[in-house]
Amino acid sequence: SQKIEQNSEALNIQEGKTATLTCNYTNYSPAYLQWYRQDPGRGPVFLLLIRENEKEKRKERLKVTFDTTLKQSLFHITASQPADSATYLCALALYSSASKIIFGSGTRLSIRP
Amino acid sequence: DAGVIQSPRHEVTEMGQEVTLRCKPISGHDYLFWYRQTMMRGLELLIYFNNNVPIDDSGMPEDRFSAKMPNASFSTLKIQPSEPRDSAVYFCASSHRDGDQANYGYTFGSGTRLTVV
Chain S
14 SQKIEQNSEA
24 LNIQEGKTAT
34 LTCNYTNYSP
44 AYLQWYRQDP
54 GRGPVFLLLI
64 RENEKEKRKE
74 RLKVTFDTTL
84 KQSLFHITAS
94 QPADSATYLC
104 ALALYSSASK
114 IIFGSGTRLS
124 IRP
Chain Y
291 DAGVIQSPRH
301 EVTEMGQEVT
311 LRCKPISGHD
321 YLFWYRQTMM
331 RGLELLIYFN
341 NNVPIDDSGM
351 PEDRFSAKMP
361 NASFSTLKIQ
371 PSEPRDSAVY
381 FCASSHRDGD
391 QANYGYTFGS
401 GTRLTVV
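The listed protein sequences correspond, in order, to chains S and Y.
In terms of our numbering, the first sequence opens at residue 14 and continues consecutively.
In terms of our numbering, the second sequence opens at residue 291 and continues consecutively.
The hints are simulated quantities; they were obtained by calculation from the structure and are not laboratory data.
Heads up, the beta-carbon is just placed ideally off N, CA and C, and yes, glycines get one too.
One should not assume that every hint holds.
[To be verified] With a straight-line Cα cutoff of 27 Å, these simulated DSSO-like cross-link-like pairs (lysine-lysine) come out: (1) Y:K314 with S:K70; (2) Y:K368 with S:K113; (3) S:K30 with S:K68; (4) S:K113 with S:K16; (5) S:K70 with S:K16; (6) S:K113 with S:K76; (7) S:K72 with S:K30; (8) Y:K314 with S:K113; (9) S:K68 with S:K84.
[To be verified] Across the chosen pairs, the derived CB separations fall in these ranges: (10) Y:E334 with S:K70: 24 to 32 Å; (11) S:L83 with Y:Q307: 28 to 36 Å; (12) S:E28 with Y:N342: 31 to 39 Å; (13) Y:D346 with S:R121: 26 to 34 Å; (14) S:G54 with Y:R354: 24 to 32 Å; (15) Y:R299 with S:T82: 20 to 28 Å; (16) S:T81 with Y:M305: 40 to 48 Å; (17) Y:N340 with S:S118: 23 to 31 Å; (18) Y:E373 with S:T31: 43 to 51 Å; (19) S:K68 with Y:D347: 35 to 43 Å.
[As the list claims (entries may be wrong)] A few chain Y residues facing chain S, derived, Cβ under 10 Å: (20) E301; (21) S317; (22) R331; (23) E334; (24) F364; (25) A383.
Whenever a hint applies, use it, and build me the whole structure from the sequences.
So this is what it looks like as structure tokens:
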């Protein structure tokens with residue numbers, strides 16, 4: 014069956030450290046993968062996209078990697094800050110319908126001062 | 291632009307009643323999506339439209355759910371009759387056409403928290 018799994022429901026990181034979140038998928042062939050941030054009571058907000066032929070993408074303190082052999086994406090936040098505390102969702106866009114994206118269950122990240 | 295606008299923000303209704311959720315997408319966006327979010331199941335795609343036409347409704351749980359998009363600036367999701375298991379946060383999202391969607395992602399509304407008692 015098709016599945017998207019994100020590592021542990023919650024991750025606690027000391028401020029200033031690098032937070033690394035994992036997204037694994039099975040039985041999908043995604044055209045691209047996106048990462049979103051969701052704060053309590055709000056809708057998800059788009060952060061970054063990486064295509065299946067790209068290995069790495071960066072945006073300010075964010076870095077995403079994509080390994081189609083391992084069927085895995087890693088999302089890194091360097092020099093983490095308490096304001097980075099939120100739930101982070103990965104989402105796959107399927108080849109069959111690039112307009113349709115499927116979300117993982119999310120990882121709740123807490124950055125402690 | 292005010293973003294994707296959903297109404298109401300909160301809805302509490304009794305089992306068996308009809309519920310209508312509303313969404314105004316971002317002007318110029320070609321795609322509109324309805325998602326449902328629960329703790330147990332996460333974000334589930336219910337249905338999406340392209341240029342006001344329903345493309346994929348395979349995520350609509352039952353015939354009690356229906357969605358319409360009469361024009362480019364308005365969509366509704368209706369549940370009739372509602373049941374307690376429909377309690378969730380319902381999100382509407384919109385996006386550019388395929389070529390831009392990859393770069394800009396989806397823009398979500400703030401959601402409607404539905405409670406059916």
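| message | Going through the numbered hints above, which ones does this structure break? Give me the numbers in ascending order. | response | Violated: hints 1, 11, 12, 15, 20, 21 and 24.
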